[in-house]
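Participant: Sequence:
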Amino acid sequence: MTDRPDTPPSPAPLLVVVDGANVVGSRPDGWWRDRKGAAERLRDRLASEGLPGHAGPAEIVLVVEGAARGVTSVPGVRVEPAPGSGDDRIVELTAQSTGRPRLVITADRELRRRVTELGAQVAGPRTVLP
2 MTDRPDTPPS
12 PAPLLVVVDG
22 ANVVGSRPDG
32 WWRDRKGAAE
42 RLRDRLASEG
52 LPGHAGPAEI
62 VLVVEGAARG
72 VTSVPGVRVE
82 PAPGSGDDRI
92 VELTAQSTGR
102 PRLVITADRE
112 LRRRVTELGA
122 QVAGPRTVLP
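Per the working numbering, the sequence shown starts with residue 2, numbered consecutively.
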């Protein structure tokens, strides 16, 4: 089935970009002993629960860096390994997705400033790790 020419296109789903290192690091649960495992647990939680409190469709992207770069995508969560700075990759993803709603999950003040300048909304780690 194709859209009729006079039908406006469906809006893109909310893009949720999660600062993996920042979110994982927000809880003193021993994540530093196994950074990759901690990122995998976050990925799996996001895949099973989505974005708590958000009823509509969402595209979830988990940005990982350093020792967590080996984490792979799963249905419901695309994992983006940052070749350098995770913050820079998050800003790139946010900038590439203008014209759609974007939410960045981080507590990093400088990153929050950078993505809000691009028109994204921000929320803290408790949004996905209550």
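The hints are simulated quantities; they were obtained by calculation from the structure and are not laboratory data. Possibly wrong hints are sitting among the right ones.
[Unchecked claim] What follows is a set of in silico ranges between Cβ atoms, one per label pair, in the way DEER data are often shown:
1) Gly-125 x Arg-101: 18 to 28 Å
2) Pro-131 x Trp-33: 34 to 44 Å
3) Gly-85 x Ala-56: 30 to 40 Å
4) Gly-31 x Leu-119: 30 to 40 Å
5) Thr-99 x Arg-34: 36 to 46 Å
6) Pro-102 x Glu-50: 27 to 37 Å
7) Ser-86 x Gln-122: 29 to 39 Å
8) Arg-34 x Leu-119: 32 to 42 Å
9) Gly-120 x Gly-31: 33 to 43 Å
10) Gly-100 x Pro-29: 11 to 21 Å
11) Gly-38 x Gly-77: 18 to 28 Å
Heads up, the beta-carbon is just placed ideally off N, CA and C, and yes, glycines get one too.
Participant: Confirm or reject each hint.
Facilitator: Verification of the supplied hints:
no.	hint	verdict
1	Gly-125 x Arg-101: 18 to 28 Å	22 Å, holds
2	Pro-131 x Trp-33: 34 to 44 Å	21 Å, violated
3	Gly-85 x Ala-56: 30 to 40 Å	36 Å, holds
4	Gly-31 x Leu-119: 30 to 40 Å	34 Å, holds
5	Thr-99 x Arg-34: 36 to 46 Å	39 Å, holds
6	Pro-102 x Glu-50: 27 to 37 Å	19 Å, violated
7	Ser-86 x Gln-122: 29 to 39 Å	21 Å, violated
8	Arg-34 x Leu-119: 32 to 42 Å	35 Å, holds
9	Gly-120 x Gly-31: 33 to 43 Å	37 Å, holds
10	Gly-100 x Pro-29: 11 to 21 Å	39 Å, violated
11	Gly-38 x Gly-77: 18 to 28 Å	19 Å, holds
In the structure shown, a violation is registered for the earlier hints numbered 2, 6, 7 and 10, in ascending order.
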